[in-house]
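There are 2 protein chains.
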Amino acid sequence: MFKGIVEIALKPGVVDPPGVAIKESLHSLGFNEVESVRMGKRVEVHLNAANREEAEKQLQKMCEQLLVNPVIEEYTFYVEEEA
Amino acid sequence: MFKGIVEIALKPGVVDPPGVAIKESLHSLGFNEVESVRMGKRVEVHLNAANREEAEKQLQKMCEQLLVNPVIEEYTFYVEEEA
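Quick mapping for you: the protein sequence lines, in order, are chains A and B. Heads up, the first sequence is in the working numbering, so the first residue is 11 and it goes up one at a time. Heads up, the second sequence is in the working numbering, so the first residue is 11 and it goes up one at a time.
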């Protein structure tokens, strides 16, 4: 078993209303040192694969076919082996 | 300037409908090796602080006061210095 962690963020320049809302909430709580906030996603995929290379290859395909919107999002991922 | 990355995941056992929906979509795309999917959040906070320790202290407070729901979520964060 492998665990793939995909970290998805909005591309720079893409408007992020939830990030702005969180920044404003942090300001009203007194965290005035906050300059900006960007919201992103973290997807944890548990999968069977013969080896790490195979798991990485499959995850790459999942990102391209479903998990990531390449128009507005960028991503990185890494794979860990599970017991 | 510092950049704090907060990674938020649902605690084990907490039901995750979006994760289940993604798993089913991956199965219909032919990724039958996927056992489970868990959706989480990734929050990027850009903040001013005198030093890294101060930035970490402030981020810890933000997690406790706003970013994380401790009933159902767990989190980790790290801080990077920005130019």
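Don't take every hint at face value.
If chains are identical, the list can't say which one is meant, so a pair holds when it fits in one copy or spans any two.
To be verified - Pairs of lysine-lysine residues, derived as DSBU-like cross-links and limited to a Cα-Cα distance of at most 30 Å, are as follows:
{"hint": "1", "residue 1": "K51", "residue 2": "K71"}
{"hint": "2", "residue 1": "K71", "residue 2": "K33"}
{"hint": "3", "residue 1": "K21", "residue 2": "K67"}
{"hint": "4", "residue 1": "K33", "residue 2": "K67"}
{"hint": "5", "residue 1": "K21", "residue 2": "K51"}
{"hint": "6", "residue 1": "K51", "residue 2": "K67"}
{"hint": "7", "residue 1": "K21", "residue 2": "K71"}
{"hint": "8", "residue 1": "K51", "residue 2": "K33"}
{"hint": "9", "residue 1": "K51", "residue 2": "K13"}
Everything labelled a hint here was simulated from the structure, so no lab data went into it.
As a check of your reading, is K51 near K67 (CA-CA no more than 30 Å) within one copy, between copies, both or neither? Close inside one copy (20 Å) and across copies (23 Å); limit 30 Å.
Status of K67 relative to K21 across identical chains (alpha carbons, at most 30 Å): Classified as both; 23 Å inside a copy, 28 Å across copies.
30 Å Cα threshold - placement of K33 relative to K51: Both: 17 Å inside a chain and 16 Å across chains, each within 30 Å.
Intra- versus inter-subunit Cα pairing at 30 Å for K51 with K13: both (16 Å within a copy, 17 Å between copies)
Between the shortest in-copy and the shortest cross-copy C-alpha distance, which are at most 30 Å for K21 and K51: within, between, both, or neither? both (13 Å within a copy, 16 Å between copies)
My question is about K21 and K71: at a cut-off of 30 Å on alpha-carbon distance, are they close within one copy, between copies, both, or neither? For K21 and K71, the Cα distance is within 30 Å both inside one copy (20 Å) and across copies (27 Å).
My question is about K71 and K33: at a cut-off of 30 Å on alpha-carbon distance, are they close within one copy, between copies, both, or neither? between (34 Å within a copy, 14 Å between copies)
Is it within, between, both or neither when you check K51 against K71 at 30 Å Cα-Cα? both (18 Å within a copy, 21 Å between copies)
Intra- versus inter-copy proximity for K67 and K33 (alpha-carbon distance at most 30 Å): between (37 Å within a copy, 17 Å between copies)
Every hint, counting from the list given before, is met by this structure.
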